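Engineer: Sequence:
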Amino acid sequence: MTTVAECLPLARKACDYLTASPDPYHAVNNAATKLRVAGFECLQARKPFAGKMRPGGKYYYTQDDTAIVAFTIGTQLDVDRPYGFKIIAGHTDSPNLRVKPRSKRTSAGECVQLAVECYGGGLWHTWFDRDLDERAAFRVNKEDHLQPIIGTKSVLEEEAKEQLQDGWTEFQEPELLSLISAELGVEAKCIVDFDLCLFDMQPAAIAGIKSEFVHSGRLDNLATCFVSVEALLTHAESSLAGDTDISIVILFDHEEVGSGSTTGACSPIMSEAVRRISSALSPKSTEDFHSAILRQSFCLSIDMAHALHPNYSNKHEKGHAPELNKGIVIKTNRNQRYATSLISDHILREVARRESLTPPQAFVVRNDCGCGSTIGPTLAQNTGIRTVDAGMPQLSMHSCRETMGTMDLMNGLQLFLAFFNHFREVDNQLSEGYCCDIEQR
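Using this note's numbering, the letters of the sequence shown map in sequence onto residues 22 to 462.
Hints in this document: simulated from the structure, not taken from any laboratory.
The model shown is predicted, which means the values in this text are computed figures rather than measured ones.
Just to be clear, a hint being listed does not mean it is correct.
In silico DSSO-like links for lysine-lysine, alpha-carbon gap of 27 Å or less [what the hints assert, rightly or not]:
(1) LYS305 - LYS73
(2) LYS231 - LYS347
(3) LYS34 - LYS347
(4) LYS305 - LYS68
(5) LYS55 - LYS73
(6) LYS34 - LYS231
(7) LYS34 - LYS68
(8) LYS210 - LYS231
(9) LYS210 - LYS121
(10) LYS125 - LYS231
(11) LYS347 - LYS336
With the hints as constraints, model all of the structure from the sequences given.
Structural biologist: Structure, rendered in structure tokens:
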């Protein structure tokens, strides 16, 4: 059994990634950097993929800087026979405060404030009295009570430079533009627009008497982003030679607000990736060939799960209350708020069993509570690919600062690697057994 001490190196790497990734832009850029350093080739998504890839290759590309697709092609993949895509899907966004297009806000008294918009379903009361910074590529009354203070009028006016009046900058807080221009090393007049996300400046940290917890903002869902990329990197280094399929990680944006964007799970990113990659490898492939590939594929939709809180244990269904440091959670909802099915649940559990890993926990929401959702059902209905919704357990989801178990980072990494390594054999045996059972009946 893995110990906390054995999990600490991975947890420290996760903390570094979390601290360095305050928004989707940085999350994707940092993931791309890790892939590039590991020898993954960057593809230009605006150009054809034909002739750009081969079995044994490692590739990635991005979509609008906030979504990323990374994949490896098994050395033993036969391009003339249907193969499968082993998919891990997650999302790069988290609830936060975002600066409005017109950042200047008229404030009473001495304080100078920024106009911000609430993004996603955050626990907004946890954002009070925090040291906030901004990064980008930038029942509380959310309109009146969540506007952050950036300074005082007397000091800012004393040091303020002449403001440009060009139709855009006149609606921006001058000191905000000065801050951005200084950070970028350009004049304020060179800034044409921004997308700024506010975040808590406190870095991610390992805590607990035995270092059994990780505290950070954006665990939902950057912990998944980190672990899934680490799993793909490890798989590429150790298991690519014997792989007969394609292992792929897809990280979407805008899950927290419904996924309905060019970078969200409602977009054609995943179905397009499968089609473009398979067509590039097999230029003569037909629609029937592509459909066979979809039927041989499988998706792990990974999003953080609500762990049992000792102070609110009545919020969980008895028998379906995941605990920290006890392994990945499989989420089920018969009303299809989660995409998990009988078959997809079994496949993930069997993958874990073959590596003697911590068995996945089970989560079902109480009958008297509403059930959340994630990208799994959207991906399943858009592609027809079998999907299981799962995730690492955490406390304080959507808080400005969240908590998860140190060991669950390793539990996630081990399970994702087992999925890449054992899915094909599990699926083949399951398909053979199912066909035999039908024939006997």
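Engineer: Which numbered hints are broken by the structure, listed smallest first?
Structural biologist: Going through the list in order, the structure violates hints 7, 8 and 10 and respects the others.
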